[in-house]
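For chain A, the structure is supplied; the task is to place chain B on it using the hints.
Chains as they are written, first to last, in our numbering: chain A, 5 to 414; chain B, 36 to 255.
Hints listed in this document are in silico derivations from the structure and should not be mistaken for laboratory results.
Keep in mind that a hint or two might mislead.
[Claimed, not checked] Lysine to any residue pairs mimicking SDA-like chemistry, simulated, CA-CA at most 20 Å apart:
hint : chain 1 : residue 1 : chain 2 : residue 2
1    : A       : Lys331    : B       : Ser105
2    : A       : Lys331    : B       : Phe112
3    : A       : Lys331    : B       : Val145
4    : A       : Lys331    : A       : Thr12
5    : A       : Lys401    : B       : Asp107
6    : A       : Lys331    : B       : Ser106
7    : A       : Lys331    : B       : Ser144
8    : A       : Lys331    : B       : Val101
9    : A       : Lys331    : B       : Glu111
10   : A       : Lys331    : B       : Ile88
11   : A       : Lys331    : B       : Ser146
12   : A       : Lys331    : B       : Asp107
13   : A       : Lys331    : B       : Asp103
14   : A       : Lys331    : B       : Leu104
[Unchecked claim] Interface residues of chain B toward chain A, partial, derived using beta-carbon atoms under 8 Å:
hint : residue
15   : Asn81
16   : Ala110
17   : Glu111
18   : Arg113
19   : Asn125
20   : Leu127
21   : Arg129
22   : Leu138
23   : Pro139
24   : Val141
25   : Tyr142
26   : Gly143
27   : Arg186
Even for Gly, the Cβ is constructed at its ideal location relative to N, Cα and C.
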Amino acid sequence: MLNGLMNTLSVAFISLRVNILRSLLAMLGIVIGVGAVIVMVALGMGARELIGERIRSMGSNLIYVTPGASKQGAAHMGAGTVHTLTARDCEAIRNQCPSVRAASPVWNQQTQVVHGNRNWHVLVQGVTGDYFLVRDWQVQSGRLFGMHEERTGSKVCIVGTTVAEKLLRSDDPVGKDIRIRNVPFRIVGVLDGRGQSPAGGDQDDVLFVPLVAAHSRLFGTPFKDEVRYIVVQAESQDLISQAEHEITELLAKRHRTALGSENDFTVKSLTDMMRASEDSVRILTLLLASIASVALLVGGIGVMNIMLVSVTERTREIGIRMAVGAKGRDIIGQFLVEACTLTMLGGVTGIGLGIGTGYIFAQATNWPVLVSPIAVVGAFGVSATVGIFFGFFPAFKASRLNPIEALRYE
Amino acid sequence: MECIGKVYRAGSLEVLALAEINLTIEAGEFVAVMGPSGSGKSTLMNILGCLDIPTSGRYFLNGEDVADLSSDQRAEFRNRTIGFVFQGFNLLPRMDALRNVELPLVYGSVSAVERHRSAHEALSLVGLSDRAHHLPSQLSGGQQQRVAIARALVNNPDIILADEPTGNLDSRTSAELIDVFRTINREQGITFVLVTHDPEIGAVTDRTILIRDGLIASDA
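Pulled out of the complex, with its shape left as it was, chain A reads as follows:
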């Protein structure tokens, strides 16, 4: 049985080699299809990895509390939307939620910032000291706000590397004065560089001032001590959902939300967001891979075509084989093996092509491209299946030939 298989394999290779151009063209569809699927899956997994990386760079165990019942994240609301979160809400969260390690309110507004003859339009954010704890963000030079500065809203600020570069070029920013809305502020610290946010924005294009300063010296607020959102850090990863629960209960009580009605705030953790984005990447990958599979299907049809032509060309040969004793299943087996050889060679080539393309792509774009071994094994299996499926009809046709007529075939 095994040496029969070896024999059939060598016969298959001989047949394929005789018309090598035709064999290669038949394989092409399979090669492209398999290659495309491998690349799509690799890109998808890379995307997931990339997003995961960037989300993790935001800080760990993060929870965002935003006003309004909308399902957006830390969105910047325009005028007219609900204004219900206050700095005192944040204090309450800090003190009364045991699963919370740190929490900082944030009030921000896009503003012009000037130094000398240079200016820059930046989102000025008023925060408390906890912010840098929550975001895991250290200064690379200078220092953070002092307790006194926070409490009295001193005119001090901390800048990100992009702002520092835009306003002060290569000068050391620490100790320099800049004007925010024409109010002079002193730079006391420069933050570590962070790169791109998950949404693609520049995380270093930032400027922080104490929240009290933002409220009282820079931006008047229609509602006293309101904040745009609160960012919270849970004690640990396991306690994230516990913390979310505590925050929700606390704020519902403080805001006197009637029983059964919707809360006027939203609590969402970073892991929730990451899971959501993972889901969408996964769906996208599936979609892309399905489209690539169409190429595979077309390739299979191509193989079937070639096999049909091959069977017709070799009608006489099939007659001879039958005359000397080949049974129907011998003939089917022979042509199925030929079809599968074609598709599996194509599959292996496609896998190589997919991996190669993925590698080139990774070099070019710095996108992590992960070739999943599951996809490779799957592609292999699919090639074999395509061979069997699309090779069956021609093989069956071959086995049903009448040997007498076949022998007469010209």
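For chain B alone, coordinates are given in the frame of chain A:
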């Protein structure tokens, strides 16, 4: 080994190829089947060779009624008991002589080593051991036909059926070929049935069956 034919047949495809044939061939005979074109001798050959089934009547090969056999079983029968030689040689063009001769053994589930041995033996029987690795395109007509004979012999058949075996060969090669047939028939005891136009062959065989219009005209 007996090859009993007791057969009544009528038509394939609305054509009455064979009307009524009653025929018995004993083991070891050297028989020629002759007749004009369209007389039905090819059809007779196909039935003898289990490539076709009679529409009426019965065919016994080695005492077994062929009609009971399925297509696969007939294939096996052909593999084990029958050897074919065709007018057009019908060798597989992309394989060398040795692999062509091996072919019946491949379908008989014989190991590779055994196959090689038997094939070499068969080739030496027809005097072509030195050409074992030539492709058919590298062999003359007579040599190709001898490879075909080796293929027919390789599985130790009981009967060899040859359909116009000398049709594509010149007279001298034809004579040589018939000699080979005779030698094998005498030395191995294999039954030979040759369908032919060639009256010279008829002269050499022990028995000549004349077919005309689907009936046996004479049998001597």
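Please verify whether lysine 331(A) and leucine 104(B) have alpha carbons no more than 20 Å apart. Since the Cα atoms of lysine 331(A) and leucine 104(B) sit roughly 13 Å apart, the hinted pair holds (cutoff 20 Å).
Does the CB of asparagine 81(B) sit less than 8 Å away from some CB of chain A? holds (5 Å)
May I ask you to test the interface hint for arginine 113(B) with respect to chain A, counting a Cβ-Cβ separation under 8 Å as satisfied? Nearest chain A Cβ about 5 Å off; hint holds.
Given the hint that lysine 331(A) pairs with valine 145(B), test it: the Cα-Cα distance must not exceed 20 Å. Judged against 20 Å, a Cα distance of about 15 Å means the pair holds.
Just to be careful: measuring from the Cβ of proline 139(B) to every Cβ in chain A, is the smallest value less than 8 Å? Where the cut-off is 8 Å and the nearest Cβ of chain A is about 4 Å from proline 139(B), the hint holds.
Against chain A, run the beta carbon of tyrosine 142(B) and see if the smallest gap drops under 8 Å. Given a least distance of 4 Å, the restraint on tyrosine 142(B) holds.
Cut-off 8 Å, beta-carbon criterion: hint that arginine 129(B) touches chain A: holds (6 Å)
Under the criterion that the straight-line Cα-Cα distance not exceed 20 Å, is the pair lysine 331(A), glutamate 111(B) satisfied? Holds, at about 7 Å.
Satisfaction of hint between aspartate 103(B) and lysine 331(A), Cα-Cα up to 20 Å: holds (17 Å)
What's the verdict on lysine 331(A) and threonine 12(A), does the C-alpha distance respect the 20 Å limit or exceed it? holds (14 Å)
Next item in the hint list is asparagine 125(B). Is there a CB on chain A closer than 8 Å to its CB? holds (5 Å)
If you draw a straight line from the CA of lysine 331(A) to the CA of valine 101(B), is it 20 Å or shorter? This hinted pair holds, its Cα atoms lying about 16 Å apart.
In summary, the structure agrees with every hint in the numbered list given earlier.
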